[in-house]
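Visitor: Whenever a hint applies, use it, and build me the whole structure from the sequences.
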Amino acid sequence: MNGTPPGLNEVLQRTFSFPKRHFLSATDLNEVEVANLLDLADGFVSLNRQTSKKLDLLKGRTLMNLFFENSTRTQSSFELAGKRLGADVVNMSPRSSSISKGETLIDTAVTLNAMQPDLLVIRHSSSGAASLLSQKVSCSVVNAGDGQHEHPTQALLDALSMRRAFGRIAGLKVAICGDVMHSRVARSNVALLQMLGAEVRLVGPPTLIPPQADRWNVAIHHDMREGIAGCDVVMMLRLQLERMDGVMAPSQREYFRFFGLDREKLAFAAPNVRVMHPGPMNRGVEIDSDVADDLAVSLIQDQVEMGVAARMAVLTSLAARLENDR
Amino acid sequence: MTSPAAHGRPIAFTNVRLVDPASGYDGPGALIVAEGVIADVAKGAGLGSLAKDVEVVDGRGAVLMPGLVDIRVKSGEPGAETKETLKSAARAAAAGGVTSIVLQPDTDPVIDEPSVVDFILRRARDIELVKVHVAGAATKGAQGQRMAEIGLMAEAGCLYVTDADRPIVDSKVFRRVLSYAKAFGVLVAHRPADPWLSTGAAASEGEFASRMGLPSVPAIAEKIMLERDLALAELTGAGLLVDQVTTAAALESLQRARDKGLAVTATTSINHLSFNEIDIGDYRTFCKVDPPLRSEDDRQAVIEAVASGLIQVVVSAHAPAPAEDKRLPYDEAAPGAIGLQTLLPALLTFHHEERMALIDLIRTVTCAPADLLGLESGRLAKGAPADLVLCDLNAPLLIDADKLISKSKNSPFDGRRLQGKVLRTLVDGRTVYAA
Chain F
186 MNGTPPGLNE VLQRTFSFPK RHFLSATDLN EVEVANLLDL ADGFVSLNRQ TSKKLDLLKG
246 RTLMNLFFEN STRTQSSFEL AGKRLGADVV NMSPRSSSIS KGETLIDTAV TLNAMQPDLL
306 VIRHSSSGAA SLLSQKVSCS VVNAGDGQHE HPTQALLDAL SMRRAFGRIA GLKVAICGDV
366 MHSRVARSNV ALLQMLGAEV RLVGPPTLIP PQADRWNVAI HHDMREGIAG CDVVMMLRLQ
426 LERMDGVMAP SQREYFRFFG LDREKLAFAA PNVRVMHPGP MNRGVEIDSD VADDLAVSLI
486 QDQVEMGVAA RMAVLTSLAA RLENDR
Chain A
8 MTSPAAHGRP IAFTNVRLVD PASGYDGPGA LIVAEGVIAD VAKGAGLGSL AKDVEVVDGR
68 GAVLMPGLVD IRVKSGEPGA ETKETLKSAA RAAAAGGVTS IVLQPDTDPV IDEPSVVDFI
128 LRRARDIELV KVHVAGAATK GAQGQRMAEI GLMAEAGCLY VTDADRPIVD SKVFRRVLSY
188 AKAFGVLVAH RPADPWLSTG AAASEGEFAS RMGLPSVPAI AEKIMLERDL ALAELTGAGL
248 LVDQVTTAAA LESLQRARDK GLAVTATTSI NHLSFNEIDI GDYRTFCKVD PPLRSEDDRQ
308 AVIEAVASGL IQVVVSAHAP APAEDKRLPY DEAAPGAIGL QTLLPALLTF HHEERMALID
368 LIRTVTCAPA DLLGLESGRL AKGAPADLVL CDLNAPLLID ADKLISKSKN SPFDGRRLQG
428 KVLRTLVDGR TVYAA
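These protein sequence lines map, in sequence, to chains F and A.
Add 185 to a position in the first sequence, counting from 1, and you land on the number used in the numbering used here.
Add 7 to a position in the second sequence, counting from 1, and you land on the number used in the numbering used here.
Derived from the structure by calculation, the hints contain no laboratory data.
The structure presented is a predicted model; accordingly, all values stated were derived computationally and were not measured.
Don't be surprised by glycine CBs; every beta carbon is placed ideally from N, CA and C.
Check before you lean on any hint, since a few could be wrong.
[Said to hold, decoys possible] List of simulated lysine-lysine pairs, DSS-like, C-alpha gap at most 30 Å:
1) A/Lys267 - A/Lys389
2) A/Lys410 - A/Lys333
3) F/Lys321 - A/Lys333
4) F/Lys321 - A/Lys267
5) A/Lys147 - A/Lys414
6) A/Lys389 - A/Lys428
7) A/Lys333 - A/Lys414
8) A/Lys389 - A/Lys410
9) A/Lys333 - F/Lys205
10) A/Lys414 - F/Lys321
11) A/Lys147 - A/Lys389
12) F/Lys321 - A/Lys410
13) F/Lys205 - F/Lys268
14) A/Lys414 - A/Lys94
15) F/Lys268 - F/Lys238
[Stated by the list, open to error] Here are some of the chain F residues that sit facing chain A, going by a computed Cβ distance under 7 Å:
16) Ile291
17) Thr293
18) Ser312
19) Gly313
20) Ala314
21) Ser316
22) Leu317
23) Gln333
24) His334
25) Pro395
26) Pro396
27) Ala398
28) Arg400
29) Asn402
30) Ala404
Guide: What follows is the structure, encoded as structure tokens:
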């Protein structure tokens, strides 16, 4: 393969097969699978930094992006991932097209399935939507976020960012802060990071911590300084302003005062702390621009870059599985 | 009433195990049906010589018991016949050994005035399968704001009033419904659910719902509303039927009210006895019911409450929902499960597991609901209507939802192995189902 970075070639030549047809939940994965995906993604990071980024691993494959919820960032990340691997990529936004009119998710799935896609990437506002879809189609389904349930490719790219920054994940202390209750990013990260041996804490006001989350084998803190004390990674979550109803936190300024990440609070974390955020950020609500833009501590831009690579790894693995099937 | 000629030949059931909770008898015996009623019950002893035209049914040790009385059933008729018609519901009931059903009023139109009661009773009579009764709405349109014509509906034959799934939020309205209905001797049923805590919920709050990212309601929402209902029942002195108690917390409140001597009775559903929240698994919408499935601790507490008699009545909570309403993401899917055809075998699970004596189990679906609503059915007594079910307690069943009779196939029991097969169902001496 012309133009493939040496590191990537080495990984691609390893014979590991990803045993699943779909990529729905971080809880479906095991440590070996995650390590392989991260190694593969690492290789794609090098590729993506070259002038010539195109491979033909997915040549002839069709990738459909099915985003029932708008997300420019995730959708373009999957689109780029697909295109760089040589797939034909189609973006469907059911909301703005006729397939949304009175049609259920299943009808839409069956319709799209008839067009013979190989990979279907779905984002939907209901928990379980990706799983439901996967039961009704013959192609591979990638969960790009289902309601408040999971966003497994985000957890994978977060793990990739951490592994590259620290050289390891096992033993890292990670504080996930903010609106954990409504966050699919948090759920996927808790599952994946714990599997990889990180120590996970949840930090936020009681109204934004899921009921009985203490049974997830995580420490829960309602005081941010205590919560991030000694942490290697502070992962801020987007505060879903539209979901707050004005009742989960009294006001944005009060929230920022107690749970927003600024220099003063960050000083409680470990000396070489890194700050993460899945984006898009509400500056001045959950995170101070001063912290977010400091490239010495912030991994936020890296996360976006890792996103494309991590998704390329997922798509490549699923496509290789499809090869075996047919 | 049909004429005696329509009843056909008398039937003698011999060599059966009679289970009659009303008289407390569970033992060998025989029973004769003639002219639509139970003509004779021979406990222990066999029957004397029989007349020549009698059809003799050798039960070979099968159980003969009163037909089931299911007091919480939804059909789609009128208004949503694609879900279920009165006929399909009645056929499902007959196949499940259920001989009397009480329809919920939340149809379209709502059963909130006597002409609708009358319409449904006449429609049901024409079907000539099981006995169909109705519950009227407690408030107009079941909207919880203005009282429905409770007295006129009672005259037209409605058995109790309820706003079905919708709690009556306004305490003043509920108080008036209780005291007004009391004057007419009409029982009021109410769903205890705090409406604010319940808003938008698709599951019970807890570790499972949190992991699955499902909007949830805390179990305590049931107790909060029940405490209000019990206080108003005490204030008005009215009879209250608590519609589906499903949590341990609410059972404490119920126990206290019973200790105080309040005229409170309670039901629970076969779904809440048989499943817990984990059965939702990978977002199985057939397990989405209202109230939502609870924790295993709650389920065990509810089973204990049925065994102790704190909960007197078990209902199927039959609520048909077609595939198009169920094959949706979990939070968008319609709640409800069909249950008429699986009520008896599912209930028998607790007999097979030796959790409850058969006779006590059967009481919750026969004479207990019948006595509560003043029905003659639900007992094996001479002169009582010959509403009977002959059942092989031990026959294995593998439930296949697609093969159930209801028009909608939303059974959470799909794929479950149960024991207890209905061999024959009779209503007023007529065989309405035979396996």
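Visitor: Confirm or reject each hint.
Guide: To see whether the hints hold, each was checked on the structure:
Using a Cα cut-off of 30 Å, the hinted pair A/Lys267 and A/Lys389 is violated, with the two alpha carbons roughly 36 Å apart. This hinted pair checks out: A/Lys410 and A/Lys333 have alpha carbons roughly 17 Å apart, not beyond 30 Å. Proximity of F/Lys321 to A/Lys333 is assessed by CA-CA distance (about 14 Å); at most 30 Å being required, the pair is judged to hold. Taking the CA atoms of F/Lys321 and A/Lys267, the gap is about 55 Å. The hint is violated against a cut of 30 Å.
For a cut-off of 30 Å, the pair hint linking A/Lys147 to A/Lys414 stands: about 29 Å separates their Cα positions. Taken as a hint, the A/Lys389 and A/Lys428 pair is honoured in the structure, with Cα atoms around 26 Å apart against an allowance of 30 Å. Note on A/Lys333 and A/Lys414: the hinted pairing holds, with a Cα-Cα distance of about 14 Å set against a maximum of 30 Å. Between A/Lys389 and A/Lys410 the alpha-carbon distance is near 36 Å, which puts this suggested pair outside the 30 Å criterion.
Of the supplied pair hints, the one linking A/Lys333 and F/Lys205 holds, its CA atoms being roughly 27 Å apart against a limit of 30 Å. Using a Cα cut-off of 30 Å, the hinted pair A/Lys414 and F/Lys321 holds, with the two alpha carbons roughly 23 Å apart. Taking the CA atoms of A/Lys147 and A/Lys389, the gap is about 41 Å. The hint is violated against a cut of 30 Å. This hinted pair checks out: F/Lys321 and A/Lys410 have alpha carbons roughly 22 Å apart, not beyond 30 Å.
Distance restraint check for F/Lys205 and F/Lys268: the Cα-Cα separation of roughly 22 Å lies within the 30 Å cut-off, and the hinted pair is therefore satisfied. Note on A/Lys414 and A/Lys94: the hinted pairing holds, with a Cα-Cα distance of about 10 Å set against a maximum of 30 Å. Pair hint F/Lys268 plus F/Lys238 holds up; C-alpha atoms about 10 Å apart against a cutoff of 30 Å. Among the interface hints, the one on F/Ile291 holds; its C-beta lies about 5 Å from the nearest C-beta in chain A, closer than the 7 Å criterion.
Taken as an interface hint, F/Thr293 does not check out: its beta carbon lies about 12 Å from the nearest beta carbon of chain A, beyond 7 Å. Interface restraint check: F/Ser312 against chain A, minimum CB-CB distance 4 Å, threshold 7 Å, status holds. At about 3 Å, the closest approach between the beta carbon of F/Gly313 and any beta carbon in chain A falls short of 7 Å, and the interface hint on this residue holds. The beta carbon of F/Ala314 comes within 4 Å of a beta carbon in chain A, closer than 7 Å, and the hint placing it at the interface holds.
Residue-level restraint check for F/Ser316 holds (minimum Cβ-Cβ distance to chain A is 5 Å; threshold 7 Å). Satisfaction of the interface hint for F/Leu317 is found here, the shortest Cβ-Cβ separation to chain A being roughly 6 Å, below the 7 Å cut-off. Checking F/Gln333 against chain A by beta carbon gives a least distance of about 3 Å; that is within 7 Å, so the hint holds. Residue-level restraint check for F/His334 holds (minimum Cβ-Cβ distance to chain A is 4 Å; threshold 7 Å).
Here the hint on F/Pro395 is kept, as its CB sits about 4 Å from the closest CB of chain A, short of 7 Å. Residue-level restraint check for F/Pro396 holds (minimum Cβ-Cβ distance to chain A is 5 Å; threshold 7 Å). Checking F/Ala398 against chain A: minimum C-beta separation of about 6 Å stays under 7 Å; hint holds. Checking F/Arg400 against chain A by beta carbon gives a least distance of about 5 Å; that is within 7 Å, so the hint holds.
Contact between F/Asn402 and chain A, as hinted, is not supported at the beta carbon level, the nearest pair being about 11 Å apart and thus beyond 7 Å. The closest approach between the C-beta of F/Ala404 and any C-beta of chain A is roughly 16 Å, which is over the 7 Å cut-off, so the hint fails.
Consistency note: the structure conflicts with the earlier hints numbered 1, 4, 8, 11, 17, 29, 30.
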